[in-house]
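Trainee: Hints are included, so try docking the two chains, each in its own frame, into the full complex.
The lines below spell out each chain.
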Amino acid sequence: MTMHDTTAPDTPVPQQLTDELRQTFAGMSDVLIPRSGPLPSAREVGVHEEAIDRLLALRPDLKERFLRGLAACHGQDPEQAARRLNETDPTALAAIGLFASAAYYIDPKVRELIGYPGQTARTYDPDETPGYMVNGQLQRVIDRGPIYRPTPR
Amino acid sequence: MKSKAGKSADALIIGAGVSGLIAAKELTKRGFSVVCLEQGDRVDSAEYWGDKPEFELMTQKRWHPNPNVRDLESDYPIDTTESDVPILMYSAVGGTSILYGAHWQRFMPSDFRVKTLDGVADDWPITYEDLAPYYDAMDVELGTSGLGGDPAFPDLPSPPTPPMPVGKMGRKAIEGMDKLGWHWWPAPNSIPTKPYGRLNPCALRGTCRNGCPEGAKASFDITHLPDALANGLRLISGARVREVLVNEEGLASGAVYVDRNGRERRQMADIVIVCCNGVGTPRLLLNSTSKRFPDGLANSSGLVGRNLMLHPYSTVIGHFDEDLESWIGPAGQPVQSMQFYETDPSRGFVRGAKWHVLPGGGPLGSPPDPGAPFDEQWGEAFHRKREAVFGKSFEWGIMAEDLPEHSNRVVLHDDLTDSDGIPAAKILYNYSENTRRLSEFHLARATEAMEASGASSVTVRPLMEDRSQHNTGASLMATGHLMGTCRMGTDPRNSVVDQYGRSHDVPNLFIYDGSVFVTSSGFNPTGTIAAIALRSVEQLIKQRRNQEVAA
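Read top to bottom, the protein sequences are chains A and B. To convert, note that position 82 of the first sequence is 82 in the numbering used here; the numbers rise steadily by one, no gaps. To convert, note that position 548 of the second sequence is 548 in the numbering used here; the numbers rise steadily by one, no gaps.
Next comes chain B alone, as it looks inside the complex (with noise of 0.2 Å):
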């Protein structure tokens, strides 16, 4: 099938998640034309179930964070079946950031330099402190919420708006954590506390991970997408990318999609960016074969798809005597804990985690498990369970730093596509020996906090092993933090793309998405996403005039 050409753009932005709106509205805002393909959807705020009595049984399925659960016509299928973890990723106009859970953290300045202060992975090309004005620009964008000062960073400025009142979950939380003198702090959320731009002030609904029906969450379709419009971006959605064209010079010259109707179309540019997240990006990128780069497009590293890092997630749920409430928001995060962040060699494994306080959510939980005896699931022991644990009981969750390894990768499935027929993705992923040690020293910290805090009992839950599970539609222990496929770095036979998203091989391709991360730190990655990607998009505008760009 011939495919028709649009009209060529300055800059092609592949993919309308939180890093493509950010470069989208910057480039917009200085006069270049540009072009957005999202192979999702718009979404408005009136969707979301959050605010209606159905929200728990829509969760399992309609707004799970699996696209293999969803199964939507705009998600693509991935294969989990090699991997300890499942992936979660929402494709949409605002990419993930419609479902994400707005812990809006920056990263501490060990994470950049892991290497040199612990021997292991690599440093990354920047510092802490570059990227440290941008954390504070992205702030000020969003109307985070929390509280400067915190002595897990390094001179924290104030958010622009205050933070979430923590709740009686809270409050029993930093009980816990005084007793013991561990640090904790206000957490903070791309949520405002008060009424912010374009945003509504958190109404604590709790369903922040499910889409909010206030409008109160910073997803990126409402705080970014309107300014970039009006500034004059042309914005596709329903466009499935199949491959980034290069020209005979070995440039980005453009892009091939499908759109809704099936009908394949080319998209010409000067420059390409591409930004559909640490799964996305190297899926297309490995996609995009030709004459000149058979093993995928911007890979003479080889390092396209590798170090795949996914934070392994374990919790352990306090339950206790008392109502708590727990049922009811932010989630988002009331509190955080930095105190096992940095290494401490005696423990027998190097790095740390983030805690963080998540509320219990409604009674109805998960569904129900096909697997369970009868008589632990259903007649009396249906009250007895709901009696013990819904609006009493709240979770440290227990993010855990993820090192990159050379085998743990996004690779093309041999068979499987999407409704499009572009080959889908398969991850090949395992814990490493030091995320299970890191992992069972926190479980085992994390229950000393719950016991501190007057739990009557917890439950550990610990990383996720049972692979038959990552498709049930049961709430998942997983980030959907997808990071290092296609890392930054200074040297081109170790690293994909240089410190402000370029390509080593391709000089008009950028990345601006999670997949350049170096390494993962113990933290929520949007915040850092945003932050490199409003730091490139900077730079890329800064040298416009030195930049070479397709004939």
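Okay, chain A solo, but in the shape it has when bound (with noise of 0.2 Å):
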């Protein structure tokens, strides 16, 4: 049971992306992620160069859709076009969007801009006293008693 477009237009979908097609996925990009603050653009940092082969790579099920939306943008201002597209094909733009978004969001000066180091390991003392046992707040729990109903016999 798989997801299906509820939008498909006649538009013939291209099997690659082609530097065309990058261009145009470069410009929609930063259309949708435009710079903002000490924040690049999605252009800037290169979401339609190494980033999207490889994304493209690990979520084969989205390229039809990704493809598809390219190509009926293509040559259009990128502004428009995404506009539209988000109108007459908008799974086609979400995955547009959701390529761009997640190779913004995998680089690492993005990463550092928004103070986000990933899911990364940390290490801790499991053995030093939480603050919640020292500072009265686990106590009070215990103090009110108990709040089960026990088996009734």
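Rather than coming from a laboratory, the hints here were simulated on the basis of the structure. It is possible that part of the hints are untrue.
What the hints assert, rightly or not - Going by beta-carbon spacing under 8 Å, a handful of chain A positions derived as facing chain B:
| id | residue |
| --- | --- |
| 1 | Gly75 |
| 2 | Pro78 |
| 3 | Leu98 |
| 4 | Gly115 |
| 5 | Gly118 |
| 6 | Gln119 |
| 7 | Pro146 |
| 8 | Pro150 |
Said to hold, decoys possible - For lysine-lysine, the following BS3-like pairs were computed, each having C-alpha atoms within a straight-line distance of at most 30 Å:
| id | chain 1 | residue 1 | chain 2 | residue 2 |
| --- | --- | --- | --- | --- |
| 9 | A | Lys63 | B | Lys52 |
| 10 | B | Lys29 | B | Lys61 |
| 11 | B | Lys29 | B | Lys291 |
| 12 | B | Lys179 | B | Lys52 |
| 13 | B | Lys168 | A | Lys109 |
| 14 | B | Lys385 | A | Lys63 |
| 15 | B | Lys52 | A | Lys109 |
| 16 | B | Lys385 | B | Lys61 |
| 17 | B | Lys61 | A | Lys63 |
| 18 | A | Lys63 | A | Lys109 |
| 19 | B | Lys542 | B | Lys29 |
| 20 | B | Lys385 | A | Lys109 |
| 21 | B | Lys7 | B | Lys291 |
| 22 | B | Lys52 | B | Lys385 |
| 23 | B | Lys61 | A | Lys109 |
| 24 | B | Lys7 | B | Lys542 |
The beta carbon of each residue, even a glycine, is placed where N, CA and C say it ideally should be.
Mentor: Below, the structure is given as structure tokens:
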């Protein structure tokens, strides 16, 4: 049982991300994820370069709708095309947006700027006494007594 | 096609998940010859994406908990178009423990006596006290982490390893509960905080629900399978069981399965133990029809597949002004509350819910919503949304006790099949009025808790209502807790198995998974599934000389 698109226009769907479509993706990514304060835009971090090739290989299930969307927008003003695609083929725009977002948030520079190191391994001392055990918070729970109903006899 | 038969075993276990591997370990330890058939494959910790930058993207497809989204060969499709809740599970050696959140809970005493105490559903044929030694034993087997003495339970012993660090978000949650004078407690997890057996200590990656790359979470392919294999277990993965066989005396004699190459085979055994979860087990029994059992195996009560309980889920997400580093684990749970667990008739509903703190995750979150207006998702909104929630939000998850309803059930699909042509499951499930009232009340209280913690705003995510969202790859308001479809009891007219999982109709057929639950409680069920499986297999071993077997 796979998810099927509800919208599938007649535009022929390319099989590969050509140089032209890569540039279309770059332009649309900048519309979807523009520069903001210290944060670069999606094109500036190169979401359309090596990153998109890697992500497409990881998510082949989205390739058709991604390429379909780019083909429908190729050669047009990126912002107008993206807005129109959101109306005419929203699942295609969602695929383009997902790849742009995913590539953006795995970029080390972006991660540093938003303070996200990734799902990293951390060390801690499991024997360190937690604050709640010394500041009275846990004791107050204990002092309120049992809150369960015992097994009726 | 003529099927090939393997050498007969003392016991055939169908399903290598939590309960199947507990049974396999115990039976092989006592010298039983055991074959275990598992439709999924073995998973290596290195396959998980939690330690890689692309983690979030991969959780939306390959490691999504919904089999309809993953769409792997080893998964079977499940039709939920007539269900309020999607079904989550994982088919692999280790079963859904591969992807579970490892909230290692025990039920409270009242959970086993809801009829007596609250006048609803049915009492279990066992009590909390019957299961307590097995809860304790499983804690020791897994090296669970947590803190003893929780006043929500009678005489709760300390787990073998200390509780998880609660982190900044946990401290925020505790602050609110403390102000209100409400119950909270450091939460139990089947994830040790120190090296324990084959498990590494938790590294707080927060990726538990998509596979633990640290080898720190107690998935049963790590904790139980190696012992069973060392004791002689014969594990056959990629083996999809079509039906349980019965002989002329009406005893289970084995099973027919389709191997990885599409070839039909038979495995004969003296006894058969079904451990396929609350959807897979009734599906298999309903597919196992014969002249003697035309309505499916073990189904003289007509209850196989009925009383499906799924733990309707809702949450309140608190957004804070300060950085809480709320992508850090465990996920897993750092803090829980049973403040509103027990029945209070003045609330207008019976029973209650467990709450747990969950982290907010990484910046990518769910996939874009194709239905959303452009300016709500993209452009400046893209940055604004992340800035508002990422690292600054956590949730109180509310797991509502789901009472059994005769009409909520698993049936066989008329057309849909798995990749081997075996009829798939269809879910017929609607929220009850009690569930809706319960959820509404708890969402209001959890909102108060977030406000007491200092949240600048909250997002309330009520019960899932839009069935079109089940298979989108988004993170789901669902638990994957599959219970009640082959309930235990003393009366064969209104139960499928006895208190030890033995079928009333077929005395050498056993069920050890969450299907046997009489009620759901408001707790994550795996701890209780494990305790019941351990208790049941111990009884089976004790009674082995009296056990009737297929000739």
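Trainee: For each hint, tell me whether it holds in the structure or not.
Mentor: Results of checking the hints against the structure:
{"no.": "1", "hint": "Gly75", "in the structure": "20 Å, violated"}
{"no.": "2", "hint": "Pro78", "in the structure": "11 Å, violated"}
{"no.": "3", "hint": "Leu98", "in the structure": "5 Å, holds"}
{"no.": "4", "hint": "Gly115", "in the structure": "7 Å, holds"}
{"no.": "5", "hint": "Gly118", "in the structure": "6 Å, holds"}
{"no.": "6", "hint": "Gln119", "in the structure": "5 Å, holds"}
{"no.": "7", "hint": "Pro146", "in the structure": "5 Å, holds"}
{"no.": "8", "hint": "Pro150", "in the structure": "5 Å, holds"}
{"no.": "9", "hint": "A:Lys63 / B:Lys52", "in the structure": "21 Å, holds"}
{"no.": "10", "hint": "B:Lys29 / B:Lys61", "in the structure": "38 Å, violated"}
{"no.": "11", "hint": "B:Lys29 / B:Lys291", "in the structure": "37 Å, violated"}
{"no.": "12", "hint": "B:Lys179 / B:Lys52", "in the structure": "39 Å, violated"}
{"no.": "13", "hint": "B:Lys168 / A:Lys109", "in the structure": "25 Å, holds"}
{"no.": "14", "hint": "B:Lys385 / A:Lys63", "in the structure": "26 Å, holds"}
{"no.": "15", "hint": "B:Lys52 / A:Lys109", "in the structure": "16 Å, holds"}
{"no.": "16", "hint": "B:Lys385 / B:Lys61", "in the structure": "23 Å, holds"}
{"no.": "17", "hint": "B:Lys61 / A:Lys63", "in the structure": "13 Å, holds"}
{"no.": "18", "hint": "A:Lys63 / A:Lys109", "in the structure": "26 Å, holds"}
{"no.": "19", "hint": "B:Lys542 / B:Lys29", "in the structure": "13 Å, holds"}
{"no.": "20", "hint": "B:Lys385 / A:Lys109", "in the structure": "19 Å, holds"}
{"no.": "21", "hint": "B:Lys7 / B:Lys291", "in the structure": "26 Å, holds"}
{"no.": "22", "hint": "B:Lys52 / B:Lys385", "in the structure": "24 Å, holds"}
{"no.": "23", "hint": "B:Lys61 / A:Lys109", "in the structure": "26 Å, holds"}
{"no.": "24", "hint": "B:Lys7 / B:Lys542", "in the structure": "25 Å, holds"}
Checked against the numbered hints above, the structure violates hints 1, 2, 10, 11 and 12; every other hint is satisfied.
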